[in-house]
Structures are given as C-alpha cells and as structure tokens.
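In order, the protein sequences belong to chains A and B.
What the first sequence shows, in the working numbering, is residues 1 to 331, in sequence order.
What the second sequence shows, in the working numbering, is residues 1 to 341, in sequence order.
Certain hints may be false.
What the hints assert, rightly or not - Derived CB-CB ranges, DEER-like:
#1 A:160 with B:200: 42 to 50 Å
#2 A:170 with B:88: 37 to 45 Å
#3 B:139 with A:238: 24 to 32 Å
#4 A:42 with B:139: 51 to 59 Å
#5 B:303 with A:163: 45 to 53 Å
#6 A:43 with B:16: 45 to 53 Å
#7 B:60 with A:166: 37 to 45 Å
#8 B:292 with A:144: 54 to 62 Å
#9 A:166 with B:88: 32 to 40 Å
#10 B:215 with A:160: 33 to 41 Å
#11 B:124 with A:181: 53 to 61 Å
Claimed, not checked - Distance condition first, Cα-Cα at most 20 Å in a straight line; then the derived SDA-like pairs of lysine to any residue:
#12 B:127 with A:232
#13 B:126 with A:235
#14 B:275 with B:332
#15 B:110 with A:166
Derived by calculation from the structure, the hints in this document are not laboratory data.
Cβ atoms here follow ideal geometry from the backbone N, Cα and C, with glycine treated the same way.
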Amino acid sequence: MASDEHDRGREPVTGLTEVEGAAAGAAVAAAPAAAPKVLSPWSDTWRRLKKNKLALIGLGIIAVFIVVGIVQVIAYPLTDGRGLTPYDPNAENYSLSPTGHGSSPSLSHPMGTDYLGRDILSRALVATRISLLVGVIAVAIGLIIGLILGPISGYYGGFVDTVIMRLADIFFAYPYILFVLLIMTVLGPGFVNVFLAIGILGWASFARIVRGQVLSVKSMEYVEAARAQGASDLRIIFRHVLPNSMAPVYVTIAMSVGGAIVTEAAMSFLGIGVQPPNASWGKMISDYLNYLFAGSWWMVLFPSVLLTVTVFGFISFGNGLRDATDPRLKE
Amino acid sequence: MGERLLEVKDLSTHFFTHVGVVKAVNGVSFTLDREETIGIVGESGSGKTVAALSVMRLVPDPPGKIVAGDVRLAGRDLLALTEDEMRAVRGNDIAMIFQDPMTSLNPVFKVGDQIAEAIMLHQDKKKDEAWEMAAALLERVGIPDAKKRVNQYPFEFSGGMRQRAMIAMAISCNPDILIADEPTTALDVTIQAQIMDVIREMQTQFRSGVIMITHDLGVVAEIADKVMVMYGGRTVEYGPVDAIYYDPHHPYTWGLLGSLPRLDLAEKHRLQPIKGQPPDLLLLPPGCPFVGRCAYEVPRCRGEWPPLELVGPDHGVHCWIPVERRLEMRAGLPRFKEWVA
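Okay, chain B solo, but in the shape it has when bound (with noise of 0.2 Å):
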C-alpha cells in the first residue's frame, strides 16, 4: 500500500460515571495506510465509534478519558497536541461522517452553507469561492442540479442525498483519514450501495484512508482491505479482509461469520445466533471479556486476558484455545465445513 498515515497503540478509554468506570476501549492497536481501508466490527457497545472517537478525540471529556495509548497521525502525536491544534486537524486531516444523515445536518441552514463553512475553518477563502467549492462538491459526490441543490435546506434533501451532502462536507479539506461510522445504516439497502461506492470514489480521488465503522460484515466484505472484529471493548482478531472471512480464529469471529445469511449454503441451513448478551462495560470480567457467551471457554479464559498470537501475516487472534483445538473446533461447525474443505 502506501505510506502509513495512522498508527494507534493500545489506546484505552474509559468513561468515569457515577455508577462506575466504564471501559468502553481497552487496549486497541491498529494501523492504517494511504487509500487502505479498514472496517472496524462489532456489535452495539464494542466500542467501535468510541475507538473512532478517540482518534479525533471527540470523545465527551467528562466523563470520557483516554487513559492510555498512543495515536500518531503521520508521525506527529495526536494525544499531545493542545485542543486548538487538534481543532486544526479535525476535519482537515480527520474527517468523519455520521451514522445518521437525518440529524448530522443542521436543520437552520443551507447544505451550502455548512459545506462552505467547513471549507472556510480550514482554508483561506473567502465566502463565495467556498461556496462554489460547495457545488463543486456537490456534483462531485452525484448530486445532480448541484448549483440549485447548494442552496436548499437539508429538510429538502433525501436520506441518500444528506449522506453524500455529509461526504462532500467530510471531503471537502482533502483529509489525509475519512472515519465513517456506520454510515449506510440509516439508509434503504438501495442507497447503501450507492453510497458505499461514492465513498470508495472519493477515497480513490482523494487518497485516503478509511476507518469504516459497522457491524454490518457485507460492507466489510465489500470495502475493506483489512478487519478489525472488537468485542467489549478489546480487539479480538485483526486480519486482512480474506483472512478474517476464510480462516477466522476466534470463535466471537465464528459467531458474527454465522450469523450472517449466506445464498450459496442450502436451503434448510439456519442462521445461528450468538447466543447471551454483550458484556456490562462496567463489570468487564478480567479476562476474555467473551466469557460466557464463547462456547468453547477454557479455564484460562475467565483469569485473563489472552496475549496477541500471530496466526498469519498480519493475522492476529486473542484467544486462549490451543490453535489445532481451534481449528478442530471450527471444522465441526456447518458452515465452516464446506470453507474448510
């Protein structure tokens, strides 16, 4: 790939409620190079977005704080700089785009207006050159009549069009990192795919490097290069996107892997939900924070938490079972049956 454009270091942050401390990311690493892309999954409360968060360091302090790690952008430390310095590369080296186009919009101004905005935070121009730089990126992410639509509020804008209005705000700096956090989940199975492919466009033209955020494992499939599977909290197995879908290591993977609905297999197979609940943030259990829910726990498990084992290039699991015991393990599964042989 090319140059790498982000490195984070077992980067951990915990929200101090009341009730208690709640480690919603403990200990996550990953690294990320021009125009890669790679998915982060996980089910609602894995700490995905608040990874995605604390890279921009959006995260709401109180009561959030990142409590460890470390994140190099370019080289340059991201956690060090003072929040005027990071303002400077929020949405000029780190963009982001939001789960829901409905209300990532302000609803009081024109779309013009906040793409221009944005540009003008950022760059030196003056109000009417932002603006046709907003119609430029209007046209530029497929809104069609983008002069007329510049000027529109975003209540006249469809669901699928406030999205690419969010892209084309989120493009506008040429940032080095767009981070989109679960952005088709809002939107119509028709649109998402549209969606997917202006930001992959975008991200060609561009050269960036993308964090998608979602637990939707099509996408990951569609669009990434490599995966990040968290589970409260913590990273469980990292991969290439081929990795991951053909020789998943750890079972929480296995678990997300068949739940998913699949054309090929045959028409009697039935989907297999991960049965249990996600872990309470707040009384994460010391060890494997899959405990109770994996079906294959050992001991150990319970006591600790696993260290990284390397299981291919740029393959990593955390995970107590034996590797044969694992692969054994996997085999029996019905859907891995076939992927195996």
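So that you can see chain A by itself, here it is in the shape it has in the complex (with noise of 0.2 Å):
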C-alpha cells in the first residue's frame, strides 16, 4: 500500500502536487484554474471503490444497519428496553397469535407476529442492537489485541515472534465454535460474555495479518530514518510501522464483523447469547425454527434475510475495499 505511492511520486521536478492523470483530465480541465487535485491515499482507494457496485451496495447495507443500530443502541436505556419500535418488542398479545402459531404479515404488523402475538419487526428491530454492538464491541476487542501482540511479533521477530505465532495457530485450529462455548462455559450464559468469546477468539486473524505487513514495513527506508532519529521502539512500531501496515486490517475488520455478527446468532441459536425474552436475530431463528415446519414462515424468514443481508453487506464491501487497496489491483 505504502510503496505504490512512492513510485507514483516520481514526477517532475518541480515538485508541482501530483494531478490524478484521466480523472483529473476529465473532471478537472473545465476549469483550469483550479488548483490541481491533490492525489491522496484515501481518494484513491475511494475512487476505485466507487466503481464496484456491490461494495456500494454492501456500504449502503452497512449505513442503514449502523443508523438503525445506533438509533436502537440509544433507545433502549431511554424507552426501557423497548428500543424505537412501533409495538413493544416483548409485550405478548394472544389475540394477535389465535391459534399459536402468530399471524401471517398484514398492513399493522409488515412482518407478522410470533406465538406469543410480539411483533416480529419491533423484535428484529430492537435485535440490530445486539448486533451492532456485536460487531463493535467483539471485533474492537480482537482488534486491540491483535494490534499489539502482531506488530510485536513482526517487529521483534524470534523467540517473541515465534511464541505468539505458536499461540496464533492453536486458537486457528480448534474448532471455532467449540472455542467460543468452551469461553462461554468459563464465562457463563449471557450475552456479554458472548462479545467477549467472540473478541477473545478474533485476535489472531488480526494478529497474523498485521505481523505479515509489519514484516515488510519494517524494512522500509522511512523506519530506518526514524531510529536514525532517536525514536524509541514503541514509537517506531506504533507510529511509523503500525499506520503503514493497516490496510488489509481495514479489509479484515469489515469481514470480521459480519463473522462476529453471525457468531453471536449462533450463540443465540444455541441457547448461550441473548437470554428471553430478548430478541436477537439468531435467538429469534432459534425459537421460531420448529413453528417454520408448521407452515408459520414468516417467523424466521425475516430475521434470517436480515441476518443474511447485513452479513452479505460487510462481506462484499469488504471484498470491494480489499480490492481497491490491492496494488496488483491498480490500473
């Protein structure tokens, strides 16, 4: 990421600010006197990603999935664990689920009601918290531990190196899902301790990701002039190594949080994240799974597509953003 802005820097003399080449050219000659437009990393990768749609797409699943998250984040401390919802999302209404087995979507409940007569949107609604907070909370975890124990690793390299690399690769071999409910059985139930399994467990991909990058910054001119400077080593590895090395980190936290957000509604599913009668979207799948073989598929349809679709989100603009920082990539 950081060596193809160099050899891009090779301009004139003259040391002018570089004009992107065609896009300057095209958007920028009807007015000439404008200053030329400065070329910065960012813009860059901004520029290529725009052209790929279904990273756009994924942002714009992401943008409404974190308005609506924060929105519910906020309510629900404020309506008393009600959420911004149109029905209270846990109040039963038997009248609205006759026979048992809910009603089927209608103009005052789009997503129908479940067995107990609860709303399923104002459910699914106020879950997006859980899952938010899921994917922040988990991955900001694992990504702290991984930003400090992988540039360690790479920067020191040896014994140090070896010992987290080592540690790196058990937490990659067992069983993932063993993994978090043998924290959650040290833990206990509960859907705070489901963000701690996940965060504990996503360490070593950031790790092993950074450690890669740290490997070849490291060597790089610039670190060198900082030691050359008097910096200490800290100051190296977190502030000239560490921001140079990020990237592909970026790609990875977008992927991470859709994998944590799954993660937790399979916790849920297995009866180990969220405790009723609070929705989340994989505890809503879990309760509603056997009123699906009963012909109520509203039930789970719909916190399964809204699962899927904000998954989908974060993995395809992760793919879009891996891509667009991709040098190979680069036209």
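Put the two chains together into one complex; each comes in its own frame, and the hints tell you how they fit.
Here is the structure:
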C-alpha cells in the first residue's frame, strides 16, 4: 500500500502537486484555474471503490444497519428496553396469535407476529442493537489485542514471534464454535460474554495479518530514518510501522464484523447468547424454527433475511475494499 | 580544521548468519573534525554503509554485531552507551540522510509532522513551536512556500524536495555529525548538484562534520576534504582528496579512477572497468580482499593483510607492492601518464 504511493511520486522535479492523470483530465479540465487535485491515499481508494457496485451496495447496507443499530442502542436505555419500535417487542398479545402460531404479515404487522403475538418487526429492530454491539465490541476486543501482539511479533521476530504466532496457530486450529462454547462455559451465558468470547477469539487473525505487514514495512527506509532520529522501539512500532500496515486490517475488520454477527446468532441459536425474552436475530431464528415446519414461515424468514443481508453487506464491502487497496489491481 | 568530532578505530562489524559470518567491516579507522567532510567510497558491498551505521549503532542486531573497535564522539565512547543513551545521541548529535528520498519519509504523515517529531524527540518544544521550526527549516533547505508545504504529505513532494525535507529533518537538532548515505544516488543529475549544495550550505551554517558515503567519485571530488576508499570491508587507502585523485597508491583506487569518464582525455580513450567481481564477504581471503582482481598482486597478498604504509601527510595505503614498484606501474597506466608528468 505504501510503496505504490511512492512509485507514483516520481513526477518532475518542479515539485508541483501530483495531478491525478485520467480523472483530473476529465473532471478538472473544465476549470483550469482550479488548484490541481491532490491524490491522497484515501481518495484514491474511494475512487476505485466507487466503481465496484457490489461494494457500494454493501456500504449502503452497512450504513442502514449502523444507523438503525445506533438508534436502537440509544433508545434502549431511554425506553426501558423497548427500543424505538412500533410495538413493544416483548409485549405478548394472544389475540394476535389465536392458534398459537402467530399471524401472517399484514399492514399493521408487516413481518407478522410470533406465537406469543409479539410483533416480529419490532423484535427484529430491537435485535439490531445486539448485532451492532457484537460487531463493534467483539471486533474491537480482537482488534486491540491483535494490534498489540501482531506488531510486536513482526517487529521483534525471534522467540517473541514464535510464541505469539504458535499461540495464534492454536487459536486457528481449534474448531471455532467449540472454542466459543468453551469460553462461554467458563464465562457463563449472557450476551456480554458472547462479545468477550468472540473478541478473545478474533485476535489471532488480526495479529497474523498485521505481523505480515509489519515484516515488510519494518525494513522500509523511513523506519530506519526514524531510528536514526533517535525514536524508541515503541514509537517506531506504533507511530511509523503500524499506520503503514493498516490497509489489509480495514478489510479484515469489515469481514470480521460480519463474522461476529453470525457467531453471535449461532450462540443465541444454541441458547447461550441473548437470554429470553430479549430478541436477537439468532435467538429469533432458534425460537421460531419449530413454527416454520408448522407453516408459519414469516417468523424465521425475516430475521434470517436481515441477518443474511447484513452479513452480505459487510463481506461484499470488505471484498471491495480489499480490491480497492490491492496495489496489484491498480490500473 | 577544528576540534575533533569523531574518532573511529579498528572498527569491525560482522553479521552472524546461518550460512556463516559475513565480515562486512574489518578494522576500519577514520577521524572527523568540525566542518570537515570525509568521503567514504567503494562499490556496493564494500562495507561503507555498514561502517556508517555502526557509528550510529544502527546495525540490525541480530544478526549484526560490532565485534571490535572504538567509536568516540568528542571523546565519548559510543559503544559503551546504553541503548537509551544512544537514542539521545541519534538525531541529536549524529543525524543521517538516506539514499532513497522516495522511501525515507513516512507516507502517512505530513512532512511537518515528521520534522516536528524529530525536534520534539530531542528538544523541549511544544507541538506548535516544533511545527514553526519545521517550516523555518524547510525554508532554509530551499523549499519555496514552506508554510504551505509543511502541511503536505510526502507524496505531494518531488524526489529532490523530499531529499531536502530529509536534510531539514537531519539538521533539525543541529547535529555535530551528518552522515549522508548516497544522498544523491536516486536523484536526477541536475537535482544532485542542488542537493550537494544544500548539504554544503547546512554544513557551514551548522558547523557540522559530514560523512559522505558514495560510489560517485565526482561527488567526492566536489565536497570531500578527505577520502577513505573501502574494499571488501577494509580501508585500502585514505588521504586528503587531492592525494587520492592525483597520487593514488592502491591498485583498487587506480581502478576506480580509471573507470571514471574524463572530458580532458582523447576521445579514443576507453573507460577501464575493473575486471571480476567483488569478493564474497562470507569467504574473505585472509590477505588483501582485492586479490584475484588486482593485476599487480605479489605472492604475499594472498596470505596476509598488509600493514598501513604512510605515503604522504595523512595519506595511508594498505598494499604489499613496494612503493617504487607501485609508482612505476601507475606511470604505465594510460590514465596516469599525464598526471604524473
């Protein structure tokens, strides 16, 4: 990521700011007096990301998901657990489930109601809070651990590197769900513990990716230059090496958020995540699965679709971001 | 000249790799006074960069290790300092300019940020003060519109300007010694001259001693007061710049000079390349590393490293060929005919 910016920098010695060739020619030519457009790494990435429709759709899905999630996160404590929803997500209303199989989607309940007469839409909405929180908190835990251990591993190498990377191998080698279950058994059920479990397990992939980047960045001349300025190891690692190692990390973050949401759903499905009567997408799928076989398709369908679409959004955005930051794919 | 800034004695730096010991620098000695410039010349792999990095104790360890020698900065034994003390020396007393300005600035930080960082590492300055100093330094090294430039990223700078920014960073703490490791190799010829001018100007303004590492004898002739010629990790010859150019004693120095183009020689004159390859630093012969490529070697060359022989004031050479024989041989070289005359 860093080096391609340099190659691009071999412009004439006048030192004028770089003008982005093709795009500037088309866009800026109309306004010759305008200052030359400066091509920063981010605007360059964005320019390439914009061309990727799937990534943009993913970004749109993520944006909607985050906005709805934040609204629910804020509304949750203010409304005493109800969230900003058309109906109380936990209010049982047997008139809406006369046969004990809920009622199918209607104008007043666009996603139908469940076997206790609860509004599926309201439950699905309030559940975005859990998904957003698990996405943010669990990934943040893994990211922080990974961003500390990964650079140390790559920068110092040798014994430290061996210990950290073998530990990461162990985390990779053990079946993921079993590992989460193991940690959950130690921590006890509850959705906060799901965050912790997923977070603790997530560090290894971040550490491994950052380590790989650090290995190539640490031999760059500006790292040597920083050392020649008298900078300490910590300063070099976290100020000079790490910021230049982040490009693939952003991609992994996007992918991991999707993964964390799925894992939370799986945990709730298995009954060790969110506890009743609270809703999470995985919990809803698990609770309603039996009714699917009885013909009440709407109860499982809507949370499943939301889960799938959200995760799809993160993964397609992550894919697009990877392509946009991959120097080999630059035109 | 002035006071003695740096004294390096019998410095040896080896790399302990899994295939064996790479003897990159073997018993190198030199001194540097205030406002003096020493040129260290030699081809790739001759140990000149490792010698300079050893002075700053920046040789990557492992696998590198300074196995012997003495490095004194104004009398202070640098090899005895702790890593923390050494960090205070780097950038502050000894600063370094690197070869490739394209990669020696951190791409994710503004230029001003990086210069200010160097200042704040060694001086008790607030951030805005350091930034102001950074802008002033950029102006000093000849970057126009420095107040604006200081807020730009390295990719918005051209190669020559980046090297100027590197020089600004290096001189930001007014170092006694400036090490320039091939500072112009990656630049256009026109820019090279400008950069050399900036370095020279900064040297006079800050009264620094400069160690100029280069394989470009033209650069050395222009800027250096004295020259050290390295080959295979050893100093084969050193002396005042005029002595090296007009009275070279080592066959390797002859070879270097013979491979330089000259405007004053007849058009038919061909450049004389040095035949062969530089030695593998893993398998250095016990004697002179130039054996095998040297056209004049005597039996003794293979067995033993020749002692220092003084051939002029402050002009020394390591060579087994007797001095009279040497002068005879040199006179026979097409290139030196007119010099000697």
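Range agreement (Cβ of residue 160 of chain A with Cβ of residue 215 of chain B, hint 33 to 41 Å)
holds, 37 Å
Residue 139 of chain B paired with residue 238 of chain A, Cβ distance criterion 24 to 32 Å:
holds, 31 Å
Go ahead and decide if the range 37 to 45 Å is satisfied by the Cβ distance of residue 60 of chain B to residue 166 of chain A.
violated, 24 Å
Holds or violated: residue 110 of chain B and residue 166 of chain A, Cα atoms, limit 20 Å.
violated, 37 Å
At the C-beta level, are residue 303 of chain B and residue 163 of chain A separated by a distance inside 45 to 53 Å?
Hint holds: Cβ distance 48 Å, inside 45 to 53 Å.
Distance restraint evaluation - residue 43 of chain A, residue 16 of chain B, Cβ atoms, bounds 45 to 53 Å:
holds, 46 Å
Holds or violated: residue 127 of chain B to residue 232 of chain A, with C-alpha atoms at most 20 Å apart
Cα-Cα ~19 Å, so holds.
Do the alpha carbons of residue 126 of chain B and residue 235 of chain A lie within 20 Å of each other, as the hint requires?
holds, 18 Å
Quick check on a hinted range of 51 to 59 Å for residue 42 of chain A and residue 139 of chain B, using CB atoms only.
Violated, since residue 42 of chain A and residue 139 of chain B (Cβ atoms, about 29 Å apart) do not stay within the stated range.
Measuring from beta carbon to beta carbon, are residue 292 of chain B and residue 144 of chain A in 54 to 62 Å?
holds, 57 Å
CB-CB spacing for residue 181 of chain A and residue 124 of chain B relative to the 53 to 61 Å hint
Cβ of residue 124 of chain B to Cβ of residue 181 of chain A: about 55 Å, so the range 53 to 61 Å holds.
Okay, residue 166 of chain A versus residue 88 of chain B on CB: inside 32 to 40 Å?
holds, 37 Å
Consistency with the previously given hints fails for numbers 4, 7, 15, ordered from lowest to highest.
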